[in-house]
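K.L.:
Here is what each chain is made of, one letter per residue.
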Amino acid sequence: MENQIASPMDSRAADAFPRFPPPKSSSFSNPITDGDSQHPWGLNYSLSSSDRRLAFSRQPSFRQSDPRTPNALQRSDSLRPYLSRSDSSISILPPESDGFGFGSGKVVIGEDVDAGKKKLGVLGLLLAVVRAVRSGNRPMKRLTLLISLNVAYSSAELMIGLLTGRVGLVSDAFHLTFGCGLLTFSLFAMAAARKKPDGIYTYGYKRLEVLAAFTNAIFLLFMSFSLAVEALHAFIQDESEHKHYLIVSAVTNLLVNLIGVWFFRSYARVNIVYRNAEDMNNHSICLHVLADSIRSAGLILASWFLTLGVENAEVLCLGLVSVTVFIVVLPLFQATGSILLQMAPGNIHPSAFSKCLRQITALEDVSEVSQARFWEIVPGHAIGSLSIQQIKKGADDYRILQYVHGLYHDLGIQNLTVKIDFV
Amino acid sequence: MEGQTSQSSQIIEVTVDMPAGVSSLGGRRICGGAACDFSDSKSTLRDSKERSASMRKLIIAVILCIIFMSIEVIGGIKANSLAILTDAAHLLSDVAAFAISLFSLWASGWEATPRQSYGFFRIEILGALVSIQLIWLLTGILVFEAISRMINPSGDVQGFLMFAVSTFGLVVNIIMAVLLGHDHGHGGHGHGHGHAGHSHGHDKHSHGHEKSGDYHSHHHDDHDHDHDHVGEHGHSVSFSTHHHHSREDKKDVHEPLLKHSDSEKGSSDGKKANQRNINVHSAYLHVLGDCFQSIGVMIGGAIIWAYPKWTIIDLICTLVFSVIVLTTTIKMLRNILEVLMESTPREIDATRLENGLCEMDDVVAIHELHIWAITVGKVLLACHVTITPEADAEHVLDKVIGYIRREYNISHVTIQIERE
Numbered sequence: 001m002e003n004q005i006a007s008p009m010d011s012r013a014a015d016a017f018p019r020f021p022p023p024k025s026s027s028f029s030n031p032i033t034d035g036d037s038q039h040p041w042g043l044n045y046s047l048s049s050s051d052r053r054l055a056f057s058r059q060p061s062f063r064q065s066d067p068r069t070p071n072a073l074q075r076s077d078s079l080r081p082y083l084s085r086s087d088s089s090i091s092i093l094p095p096e097s098d099g100f101g102f103g104s105g106k107v108v109i110g111e112d113v114d115a116g117k118k119k120l121g122v123l124g125l126l127l128a129v130v131r132a133v134r135s136g137n138r139p140m141k142r143l144t145l146l147i148s149l150n151v152a153y154s155s156a157e158l159m160i161g162l163l164t165g166r167v168g169l170v171s172d173a174f175h176l177t178f179g180c181g182l183l184t185f186s187l188f189a190m191a192a193a194r195k196k197p198d199g200i201y202t203y204g205y206k207r208l209e210v211l212a213a214f215t216n217a218i219f220l221l222f223m224s225f226s227l228a229v230e231a232l233h234a235f236i237q238d239e240s241e242h243k244h245y246l247i248v249s250a251v252t253n254l255l256v257n258l259i260g261v262w263f264f265r266s267y268a269r270v271n272i273v274y275r276n277a278e279d280m281n282n283h284s285i286c287l288h289v290l291a292d293s294i295r296s297a298g299l300i301l302a303s304w305f306l307t308l309g310v311e312n313a314e315v316l317c318l319g320l321v322s323v324t325v326f327i328v329v330l331p332l333f334q335a336t337g338s339i340l341l342q343m344a345p346g347n348i349h350p351s352a353f354s355k356c357l358r359q360i361t362a363l364e365d366v367s368e369v370s371q372a373r374f375w376e377i378v379p380g381h382a383i384g385s386l387s388i389q390q391i392k393k394g395a396d397d398y399r400i401l402q403y404v405h406g407l408y409h410d411l412g413i414q415n416l417t418v419k420i421d422f423v
Numbered sequence: 001m002e003g004q005t006s007q008s009s010q011i012i013e014v015t016v017d018m019p020a021g022v023s024s025l026g027g028r029r030i031c032g033g034a035a036c037d038f039s040d041s042k043s044t045l046r047d048s049k050e051r052s053a054s055m056r057k058l059i060i061a062v063i064l065c066i067i068f069m070s071i072e073v074i075g076g077i078k079a080n081s082l083a084i085l086t087d088a089a090h091l092l093s094d095v096a097a098f099a100i101s102l103f104s105l106w107a108s109g110w111e112a113t114p115r116q117s118y119g120f121f122r123i124e125i126l127g128a129l130v131s132i133q134l135i136w137l138l139t140g141i142l143v144f145e146a147i148s149r150m151i152n153p154s155g156d157v158q159g160f161l162m163f164a165v166s167t168f169g170l171v172v173n174i175i176m177a178v179l180l181g182h183d184h185g186h187g188g189h190g191h192g193h194g195h196a197g198h199s200h201g202h203d204k205h206s207h208g209h210e211k212s213g214d215y216h217s218h219h220h221d222d223h224d225h226d227h228d229h230v231g232e233h234g235h236s237v238s239f240s241t242h243h244h245h246s247r248e249d250k251k252d253v254h255e256p257l258l259k260h261s262d263s264e265k266g267s268s269d270g271k272k273a274n275q276r277n278i279n280v281h282s283a284y285l286h287v288l289g290d291c292f293q294s295i296g297v298m299i300g301g302a303i304i305w306a307y308p309k310w311t312i313i314d315l316i317c318t319l320v321f322s323v324i325v326l327t328t329t330i331k332m333l334r335n336i337l338e339v340l341m342e343s344t345p346r347e348i349d350a351t352r353l354e355n356g357l358c359e360m361d362d363v364v365a366i367h368e369l370h371i372w373a374i375t376v377g378k379v380l381l382a383c384h385v386t387i388t389p390e391a392d393a394e395h396v397l398d399k400v401i402g403y404i405r406r407e408y409n410i411s412h413v414t415i416q417i418e419r420e
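Which chain is which? The protein sequence lines are F and D, in order.
Numbering-wise, the first sequence is residues 1 to 423 according to our numbering.
Numbering-wise, the second sequence is residues 1 to 420 according to our numbering.
In short, the hints are calculated from the structure, not lab data.
Among chain D residues calculated to face chain F with C-beta under 10 Å, some are:
| no. | residue |
| --- | --- |
| 1 | 134 |
| 2 | 151 |
| 3 | 370 |
| 4 | 419 |
According to the in silico footprint, chain D covers these stretches of chain F (three or more CB under 8 Å from chain D):
| no. | stretch |
| --- | --- |
| 5 | 197-207 |
| 6 | 339-353 |
| 7 | 407-418 |
One side of the interface only, derived from the structure: several residues of chain F facing chain D at Cβ under 7 Å:
| no. | residue |
| --- | --- |
| 8 | 170 |
| 9 | 174 |
| 10 | 222 |
| 11 | 373 |
Every residue, glycine too, gets a C-beta built ideally from N, C-alpha and C.
Could you put together the complete structure from these sequences and hints?
P.N.:
Written out as structure tokens, the structure reads:
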């Protein structure tokens, strides 16, 4: 496995080291391997490229893009062999770069969006949005399509509901509007995540995608809870309102959502291994539309059962839908929650960590390692900090630093800050 | 100077028990253990005190809520009025919000584990986020119900009943707002000395009056004040971070503080409000939102009572006040978002910090500077400092860490020293 990684590394050794370090933006904005290459982390815990838990996108598997190409030409889920040593953080900063050491340029698109937002009025904003979407990748375009479909549908439903005075339609329209708002937030997160890190958001904007996924998950949890309440309500009231006029709207809703599921079909699994931030966002969108379609299907089923004369059909179906949505959403909720809670990277086994600690302590100059903390900014991008107590001063700290950085780099932790104290 | 760096500590590395003559910053520079707690014993004590104070407030609020809710349910069933039952359901949602806040508060005190190496402080933020989303959801439901009521005029809208129920609800909500808020009425003044909150790290007073500059320790709010008193006394820390029982103490403490009070004077109200525990604050926002809704319903009820034909006023009031409620949550949402995005906290000027570090001797450059907060008051910093080849790494490390602690009161600092 090491050989596989060595060769891509050598091939880009040339362009990675002329200026040392490379723009730091590269370490932030690039996601990691996609499923086709083996995980270069030392231990392959039940993950192979044929593992269906990995979501495959239609991108070519191994795009070798030059770190200097402007981000407009780089697809956001293109590939960089992340093991290039240029990511390691021992570096000598050329004096003319800016103090933070980041790539100081923002994404061209990002600037466009910013410039667009400075224009006055909704029109400017709209133009900026259109521009951002047009330059976006495929999931973004699909999402925009989905959102516009949803908006059109829900406003039509709202109009019809208001005009004809049917409350059920209005409530459905509201539900859809909430969903649209969430999808818009996901879209916004997708667009904003391409921005480069700047002075305030030193880790970049990729966390927004995780946040969007978390918000989606919470909304779905709320939805399942409210469906349960509705089921309870129907159970207590014991008179099922035969909302037959809702069937048409339910069927249309189902169709629209199934289109959405088709767009995001590679994420239509409950348990997905998240390899980068977009995975989470896309998965949450897929689950959102999936849950909506389950709900519509449940309503249709309930209506049908009512016509068949099954008692308590509404209660059953709504309860079933509620439980299903809850079960489906829970893994996403846990995964996003653990990222936001700064939990240790899930894909690295704790024994790997303790092995690294042992190896560091085994160095002759090191007496103690403490405060080893690791967390993920987005899935696949792990950051850590570590404190080492060195026995004698004037020992070769560069060597120790390099060793430690190398150790953790092999685990997949790119950004590491090592503090060396002297006893 | 080392003695004075200590007073800003919520950190373990500089212990104040040492006599002032000891020069080294590094009595104990390193916490023990591979996954040591984020905070040391002193700040843990303060945190847990503040946590228990907040929990107490919330528990009282929950109990009150439940009492009022049962009153309303009984009254509503007796009077057979849907409006009262709806209000009772609203109170139930309040209880849910309080429950979320309570859970977050309780969970944030859990010990750190190797998997969760920073402790569970983030749970506060996530709980507050869920709570705010609940507010948005409920507001949406309310708006929907208003619209549906407009579509299906459900017969007679008794203006008087609306008015009475909403007044009762308003009174309840005001009581709870006072309980949870305390400094609510003084949210307006820019606390120039709000820095005290910062310089003491996580000074979680819920009394904004404290910060108005005169630091009176007696303040006629009941609950948690006294609890904050107790226990701080016996501390080895000679600078009590909460209450300064004598003016002389205060003078000593605040001379060095004044120098960077000005740097942090530009703090906004939203941030002052966040000196209060964020979960208590989000519960407070819930209650505040309910107050506004009740006011809206009151106005609507009064107008309908007077002019029974204008039922549309119900919808208008609901919409207007829903918008008001949503705007109150925006500030807090922004703060939460900033923490979750690992951005540089507002109160810390990263450029200034970086410039200040660069100006030190032997420091050639700073790069990969990351400042982020684990929760609203706890800030961490990590950066790489490049020094001249002949410099003394330990010395530079001490200086840098001392500077950051003194000036910005950032406790958890990880500096990687590299030689050119």
